[in-house]
Structure formats: structure tokens, C-alpha cells
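Under this note's numbering, the first residue of the sequence shown carries the number 801, and numbering increases by one thereafter.
I should point out that these hints are in silico values taken from the structure, not numbers from a laboratory. Hints may be right or wrong, so weigh each one.
[Said to hold, decoys possible] Label pairs and their calculated CB-CB ranges:
no., residue 1, residue 2, range
1, Q805, V835, 13 to 23 Å
2, M828, S862, 16 to 26 Å
3, G840, L819, 36 to 46 Å
Even glycine gets a Cβ: it sits at the ideal position worked out from N, Cα and C.
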Amino acid sequence: MGSVQEDRIIDALMAGKDLNAIVVREIMDPPFPVVKLESGIEQISAILGHEAHAILVESNGSYEIITKYDLVHSML
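Please put together the full structure from these sequences, using the hints given.
Next comes the structure, spelled out in C-alpha cells:
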């Protein structure tokens, strides 16, 4: 399992690749980090600042995604 980020899609387009012919694993990055619902904002912001563009938040077996935009928006 992994993640696909828009940067990789744009890179493929800029390299002249046909997106209809690309297999997902060719542009797949490692999976997003997973944190528990109880994780603090400091931990989440540290991960988003350095490790990933998004984080999966696990709660009772289901997952939600948090992005840098979500973090900034929650602090305003």
C-alpha cells in the first residue's frame, strides 16, 4: 500500500508520459503516516512539516486524512 501525490503526477506529465498508460505503482510513494485520534497538534505538525504531505488519523478502525491545509485552517 502507498500514496499517490499530485507532485508525482505532474512530474510524469512534464516528462511526457501518457497518464492513461502509467501503472499506479510507477508513481506511488510510501504510505502516509498513521497517528491515533488522541495525538497532539505538536506531533501532527512535526510530521506534516517534515515527513509527509498528509497524515491518516485512526479512530476505532476507521481513518480520516489531515493535510497541511487542514492544520493551518484549524489554527485560525
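Hint check results:
1. Q805 with V835: 13 to 23 Å: Holds, since Q805 and V835 (Cβ atoms, about 19 Å apart) stay within the stated range.
2. M828 with S862: 16 to 26 Å: With a Cβ separation near 23 Å, M828 and S862 satisfy 16 to 26 Å, so the hint holds.
3. G840 with L819: 36 to 46 Å: This hint holds: roughly 39 Å between Cβ atoms.
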